Amino acid sequence: MDQKSFSSLVEASPLLKMIFQNAESISILIVDSEGIILDVSYGLHKCFGYTGESLIGKNYSLLFVEEERLRQLPEKELKKTLETGSSDDKGFFQKKDLKCIWVHRESILAKDENGRSFIIQIIHDIQSIKLLEELRENHEELQQIIKDRDVFTYMIFHDLQSPVSNIDGLVNVLKGSYPSPEEFGEVMGMIDLSMKRLKTKLAELYIR
431 MDQKSFSSLV
441 EASPLLKMIF
451 QNAESISILI
461 VDSEGIILDV
471 SYGLHKCFGY
481 TGESLIGKNY
491 SLLFVEEERL
501 RQLPEKELKK
511 TLETGSSDDK
521 GFFQKKDLKC
531 IWVHRESILA
541 KDENGRSFII
551 QIIHDIQSIK
561 LLEELRENHE
571 ELQQIIKDRD
581 VFTYMIFHDL
591 QSPVSNIDGL
601 VNVLKGSYPS
611 PEEFGEVMGM
621 IDLSMKRLKT
631 KLAELYIR
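The opening position of the sequence shown corresponds to residue 431 in the numbering used here, with each subsequent residue numbered one higher.
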């Protein structure tokens, strides 16, 4: 089927013509069995910036991002639609301004009254859904990181408690053994101050 034949088909169907030419939220792409674009709906122009003149006669693979073209995703999608009558997938769609958004593509194989095949592809913009999914996944990852950090902090706190208690006990013994040891006074004061600082830091670490 060529572009002229499809235009005649649209003209013959008032409902299809109304949807194709007026619906703003429905993006429709019509391609032949080789993937050549026959026509695009007004909704596709409204949502993605393309006009019919910029796409008609070109292969629809240009709407896929380079990575998907290298994986031959357009060819695989086309083949599946021709063999099974339909296909659907999710992937990136390259807009007219070259920005890429996440879309859901549904392809349906159809035939005109002369038995000529063409494919109707409906494209749904699901970028906002993808962003919400990514936010949810990032939130779950962040929650796991916080949980792991809390477990690690708890382990460090308790692993350090024992040696701190031993050193603290030793300082108290030394203090008791030497009520006023001038030769140890300065050293004992430094040890005592360091212990207080360490215990304060441990307490802060546990609270966090």
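Among the clues, some could well be false.
Stated by the list, open to error - Now the in silico label distances, taken between C-beta atoms and shown as ranges: (1) Glu464 x Ser484: 12 to 20 Å; (2) Ile576 x Glu536: 34 to 42 Å; (3) Val495 x Glu567: 49 to 57 Å; (4) Glu567 x Glu464: 34 to 42 Å; (5) Val581 x Leu512: 40 to 48 Å; (6) Gln573 x Ile486: 23 to 31 Å; (7) Arg579 x Lys510: 16 to 24 Å; (8) Thr630 x Glu496: 14 to 22 Å; (9) Asn568 x Thr481: 32 to 40 Å; (10) Leu562 x Lys529: 16 to 24 Å; (11) Glu564 x Leu623: 30 to 38 Å.
Hints were generated in silico from the structure; no laboratory data involved.
Here the structure is a predicted model, which is why all the values come from computation and not from measurement.
For glycine and all other residues, C-beta sits at the position ideal for the given N, C-alpha and C.
Could you tell me whether the CB distance from leucine 562 to lysine 529 stays inside 16 to 24 Å? holds (19 Å)
Within 32 to 40 Å or not, the Cβ separation of asparagine 568 and threonine 481? Once the Cβ atoms are compared, 37 Å apart, the range 32 to 40 Å for threonine 481 and asparagine 568 holds.
40 to 48 Å as the expected CB spacing between leucine 512 and valine 581, which holds or is violated: The hinted range 40 to 48 Å is violated for valine 581 and leucine 512, with Cβ atoms some 54 Å apart.
Can you tell me whether the CB distance of arginine 579 to lysine 510 sits inside 16 to 24 Å? violated (46 Å)
Are threonine 630 and glutamate 496 spaced within 14 to 22 Å by their CB atoms? Since threonine 630 and glutamate 496 have Cβ atoms about 57 Å apart, the given range 14 to 22 Å is violated.
With 34 to 42 Å as the target window, see if glutamate 567 and glutamate 464 comply at their CB atoms. With a Cβ separation near 39 Å, glutamate 567 and glutamate 464 satisfy 34 to 42 Å, so the hint holds.
Isoleucine 576 and glutamate 536, beta-carbon distance inside 34 to 42 Å? The hinted range 34 to 42 Å holds for isoleucine 576 and glutamate 536, with Cβ atoms some 40 Å apart.
Does 12 to 20 Å hold as the CB distance between glutamate 464 and serine 484, or does it fail? holds (19 Å)
Taking the CB of glutamate 564 and the CB of leucine 623, does the distance hold inside 30 to 38 Å? violated (50 Å)
Is 23 to 31 Å right for how far apart the beta carbons of glutamine 573 and isoleucine 486 are? violated (50 Å)
State, for the Cβ atoms of valine 495 and glutamate 567, whether the hinted interval 49 to 57 Å holds or is violated. Violated, since valine 495 and glutamate 567 (Cβ atoms, about 21 Å apart) do not stay within the stated range.
Of the numbered hints given earlier, the model fails hints 3, 5, 6, 7, 8 and 11; all others are met.
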